[in-house]
Amino acid sequence: MKLEVKDLRKSFGDKEVLHGISFSIESGKALGLLGRNGAGKTTTIRILMDVFRANSGTITVDGKPFHPKDFRIGYLPEERGLYPKKGVQEQLMYLAQLRGSSHSDAKKQSERWLKRLGVEEYAQRKLETLSKGNQQKVQLAQTLVCNPDLIILDEPFSGLDPVNSQILKDVIREQIEEGKLVIFSSHQMSYVEEFCEDIVLINHGDIVLSGNLDQIKREYGHNRLVISLGTDYQEPEQALRDYVGDLLRVVGRRKDQVIAEMKEGCTRELLLKELLERNLVPEEYGNYEPSLTEIFVEKAGDQA
Amino acid sequence: MKQFLTVLRFELNNYFKNKSFLLTTIILIVLAVGIIALPGIITAVEGGSSASEESAAGTDESSGGGSEETVALLDENGSIADPEAFSAAMGMKIKWMECTDKDQVEDAVEDGKAEAGFIVEDLLHYTYVVENRSMSDTMQEAFSAAAAAVYRAQALTDQGLDPAEIEALYQTQPVYETQILGKDSVSNYAYTYMLIMILYFLLIFYGQMIATSVTSEKSNRAIEILVTSVDSSSLIFGKVLAGAIAGLIQCALILGSAVGAYQFFKDSWGGLLDNVFDIPIPVWAAFAVFGMMGYLLYAFCFGMLGALVSKTEDISKASMPVLMIYMISFFIAIFGMNDSNSMLIKVSSFIPFTSSNGMLIRIAMGSVEMWEVILSGALLAVFCVGAGVLAAKIFRFGTLMYGNPIKFTTALKKIREK
Numbered sequence: 001m002k003l004e005v006k007d008l009r010k011s012f013g014d015k016e017v018l019h020g021i022s023f024s025i026e027s028g029k030a031l032g033l034l035g036r037n038g039a040g041k042t043t044t045i046r047i048l049m050d051v052f053r054a055n056s057g058t059i060t061v062d063g064k065p066f067h068p069k070d071f072r073i074g075y076l077p078e079e080r081g082l083y084p085k086k087g088v089q090e091q092l093m094y095l096a097q098l099r100g101s102s103h104s105d106a107k108k109q110s111e112r113w114l115k116r117l118g119v120e121e122y123a124q125r126k127l128e129t130l131s132k133g134n135q136q137k138v139q140l141a142q143t144l145v146c147n148p149d150l151i152i153l154d155e156p157f158s159g160l161d162p163v164n165s166q167i168l169k170d171v172i173r174e175q176i177e178e179g180k181l182v183i184f185s186s187h188q189m190s191y192v193e194e195f196c197e198d199i200v201l202i203n204h205g206d207i208v209l210s211g212n213l214d215q216i217k218r219e220y221g222h223n224r225l226v227i228s229l230g231t232d233y234q235e236p237e238q239a240l241r242d243y244v245g246d247l248l249r250v251v252g253r254r255k256d257q258v259i260a261e262m263k264e265g266c267t268r269e270l271l272l273k274e275l276l277e278r279n280l281v282p283e284e285y286g287n288y289e290p291s292l293t294e295i296f297v298e299k300a301g302d303q304a
Numbered sequence: 305m306k307q308f309l310t311v312l313r314f315e316l317n318n319y320f321k322n323k324s325f326l327l328t329t330i331i332l333i334v335l336a337v338g339i340i341a342l343p344g345i346i347t348a349v350e351g352g353s354s355a356s357e358e359s360a361a362g363t364d365e366s367s368g369g370g371s372e373e374t375v376a377l378l379d380e381n382g383s384i385a386d387p388e389a390f391s392a393a394m395g396m397k398i399k400w401m402e403c404t405d406k407d408q409v410e411d412a413v414e415d416g417k418a419e420a421g422f423i424v425e426d427l428l429h430y431t432y433v434v435e436n437r438s439m440s441d442t443m444q445e446a447f448s449a450a451a452a453a454v455y456r457a458q459a460l461t462d463q464g465l466d467p468a469e470i471e472a473l474y475q476t477q478p479v480y481e482t483q484i485l486g487k488d489s490v491s492n493y494a495y496t497y498m499l500i501m502i503l504y505f506l507l508i509f510y511g512q513m514i515a516t517s518v519t520s521e522k523s524n525r526a527i528e529i530l531v532t533s534v535d536s537s538s539l540i541f542g543k544v545l546a547g548a549i550a551g552l553i554q555c556a557l558i559l560g561s562a563v564g565a566y567q568f569f570k571d572s573w574g575g576l577l578d579n580v581f582d583i584p585i586p587v588w589a590a591f592a593v594f595g596m597m598g599y600l601l602y603a604f605c606f607g608m609l610g611a612l613v614s615k616t617e618d619i620s621k622a623s624m625p626v627l628m629i630y631m632i633s634f635f636i637a638i639f640g641m642n643d644s645n646s647m648l649i650k651v652s653s654f655i656p657f658t659s660s661n662g663m664l665i666r667i668a669m670g671s672v673e674m675w676e677v678i679l680s681g682a683l684l685a686v687f688c689v690g691a692g693v694l695a696a697k698i699f700r701f702g703t704l705m706y707g708n709p710i711k712f713t714t715a716l717k718k719i720r721e722k
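The listed protein sequences derive, respectively, from chains A and B.
Each residue of the first sequence is one higher than the one before, starting from 1 at the first, in this note's numbering.
Each residue of the second sequence is one higher than the one before, starting from 305 at the first, in this note's numbering.
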C-alpha cells in the first residue's frame, strides 16, 4: 500500500495554513511528520482523517483516491479523549465495532491490547479512575484495537514515563514489522530517529525538508567534520580559526567537539596534514553526522 | 446502518446503566403506584379503625360531619330562636357560647376559647368576628346562608305559605339525558391534558440529556476519535433516537404501572380517574405518531445545540431558544384545550413545532378531517427528517470548534458555504 499526498492546501478564513504539502509513504515504513507548534502537522493529519476538507490537493492510495472510511485506521489524536465515566473495555469494544470489527473480534482484540500494554486489570474500571499514564495506554489500545492497516500517531509519547515509552516503542516497532503503514508526528526527535525511515519537516505550512532520514543526515554532514582537540585548548574554535582558518569554517560546537565545514578545495586528508604540521593533534577527527534535532533547529528554528 | 445500531446500543446502555436514570424511574413508578393505591389504603385503615371503635364504645354518632367547633354568639334581639337547629342549617356541628356583650365575644375569640364569633343584630345584619381568617374559612358563608333561610321561612310563614313546599319547588331539577354525537371535551380533557404534560416532561428532561450527551463528547475530546470512526449522521441519529427510546420506555413503565395500579384500586377511587386512563385507540395512535415525531423534532434541535457548544455548562443557556419555542407550543395547547375547534388550535395543528400538541388536541377533543391529519403528519415528518439532517451537518461542522459557543446562524452560513 502506498499513500501519496500531493499539494495539499488548506485555509481557515482568509489565512492559508498549508501551502502545498506533499509526501508519500509505503506499508512497512514509518514517516515522521515534524514541525514546530502550529506548523501544520495536526491540520495535515486531520485532512488525512477527513476531519477537515482540504481546499485543494489529492490524497491517493495505490493511485486511487483515498477515503478513510474504506480503510481500518488507527488514529491517536493530539487532543486525547475518551469517555471518562465508561468502563475501559466497554469503550474499546465500542470504538472497534464502530470501525467495522465484529462483537467477538472487538472483545478479543480489546483483551489482547489491554494485556499487551499491561493494563488488563483495569478492563472493567471506569477510565477516569486510572492514572494519566494508564489512560494514555488505553488511548493507544484504542488506536490499535481495530487491527488497523494505517496507523496515525499524533504526539504518542507525550505524558509517558520512560518505562511506558519503551512499551510504546516496542509496540510501534512490531506494527512496522507487521507491514503497517505508520505516520508519526512528534516533537521528540529521538523517537522519530528510532522509527522513521522517512521524514517530512513542515514549517509555517510549507515543507522545508523531506526524504530518507539517513540520506538527509548524510547530505547535512556532507563536507563537514567533527574535530576534538582535547582539553588542552580552552577555545578550540579559535585555535582552529587561527591555524587552519583558510581551510575551514567553524559552524558549531557539541561539547568539546567543533563542527567545521571544509572550504572549497580542502579535503579531509589535506586538513589533517595541515593540523599535524601545526602541532594540533586532534583527539577525534571524523565525518560529522547531524542529529535530527540539529537539522530541525537549523531548518525550522529560523524565525523563532 | 451497522454503525447506527452500534451507536444506538451504546447510547441506550448509557441511559440504562445510569444510576440516576434508574433511580428516577423507580421513584416515579413507586410514586405513581403509591398515589393510586392511597385511597384504597386509607379506606382499609379507616374501615378497620372505625370497626374497632364501634366494638369498644358500643354506639357512636355518625363518623361524618367533622369535629365540633365552639362559636361565640351575641344575639342582641333574639333573632336565632333555636341555635341547635340553626347550626344544623349551617351544616356544621357548633357548640354555641352565649355572650352578653361584644367585648365578651371578641375576648372569647382572642383568647382562643371560641374559633369565631357572631354579633347578631337581626337575621339580615350581623358581624363576624375571627382571629385569623384562613383561605378555607366557610363559617361566614354558612352563617349567611342559614340566616337567609331562617329569614325566608319566617317571612313565608308570616304570609301564610308553607316554607317546605316553596323550598321543594326551588329544588326541582329537570330530568335529562345527553347524547354526544362527536367528542365530549369534558371527559376528554383529563387524558388530553395528561398526554400533553407527558410530552412536556419528556422534552424537558430528555432534551437536555441529549444535548449533554453530544456536548460531553466535545468536552472530553472523544469527538475527534468518533468523527474519524463513524459517520456523523449515524452518530447524531443514534444519540437522539436512543434518548427518544429511553424516554419512551421510562414513560411506558411509569404510565403502565399507574394504569395497572388503577385497575387494581379502581373501586377505592369510585371510578374518579376513568377519564384519565380510559384513552381511546385513535388518541393513543395520535399520541404515538404526533407526540413521537414532535419529540424527535425537538430532540434533534437539542442535539444541534449540543454540537454548537463545547462545555456542558453552556447547554442550559444555549437551549433557551428551543425551550422558548416549545413553551409557546405548550401554552397554546393548554389555553387552546378550552376550545379545541378554535382558529389558534387549527393553525397550531399544522405548524411542525406546535402540531405535536395541536393535532393531538384536535384528534382527542375536537373535530378534524383525515386529510388534515395526513397533511400535518407529513409536514411534521419532513421537518423531523430535515432537522435530523441539519443536526448531522451542524454536528459535523461544530465537531472541532472548541471554545466559545458557535452561533446557530454562523453554523448555517458555514454549512451553506461548503
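Source of the hints: derived by calculation from the structure; they are not laboratory data.
Treat the hints with care, as some may be off.
To be verified - Pulled a few chain A residues facing chain B out of the computed Cβ check, cut under 7 Å:
| id | residue |
| --- | --- |
| 1 | Phe12 |
| 2 | Met49 |
| 3 | Tyr75 |
| 4 | Gly87 |
Unchecked claim - 30 Å max Cα-Cα, derived DSSO-like pairs, lysine-lysine:
| id | chain 1 | residue 1 | chain 2 | residue 2 |
| --- | --- | --- | --- | --- |
| 5 | B | Lys306 | A | Lys86 |
| 6 | B | Lys711 | A | Lys15 |
| 7 | A | Lys86 | B | Lys615 |
| 8 | A | Lys86 | B | Lys323 |
Here the structure is a predicted model, which is why all the values come from computation and not from measurement.
By construction, the Cβ of each residue, glycine as well, lies at the ideal position given by its N, Cα and C atoms.
Evaluation of the provided hints:
With a cut of 7 Å, the hint placing Phe12 (chain A) at the interface with chain B is violated, because the nearest CB-to-CB distance is about 11 Å. With a cut of 7 Å, the hint placing Met49 (chain A) at the interface with chain B holds, because the nearest CB-to-CB distance is about 4 Å. Taken as an interface hint, Tyr75 (chain A) checks out: its beta carbon lies about 5 Å from the nearest beta carbon of chain B, inside 7 Å. A hinted interface residue such as Gly87 (chain A) counts as satisfied when its beta carbon comes closer than 7 Å to some beta carbon of chain B; here the least separation is about 9 Å, so the hint is violated.
Simply put, Lys306 (chain B) and Lys86 (chain A) have alpha-carbon atoms about 22 Å apart, close enough for the 30 Å limit, and the pair holds. Restraint check for Lys711 (chain B) and Lys15 (chain A): satisfied, since their Cα atoms lie roughly 21 Å apart, inside the 30 Å limit. Of the supplied pair hints, the one linking Lys86 (chain A) and Lys615 (chain B) holds, its CA atoms being roughly 19 Å apart against a limit of 30 Å. Of the supplied pair hints, the one linking Lys86 (chain A) and Lys323 (chain B) holds, its CA atoms being roughly 13 Å apart against a limit of 30 Å.
Hints 1 and 4 from the list above are not met by this structure, while the remaining hints are.
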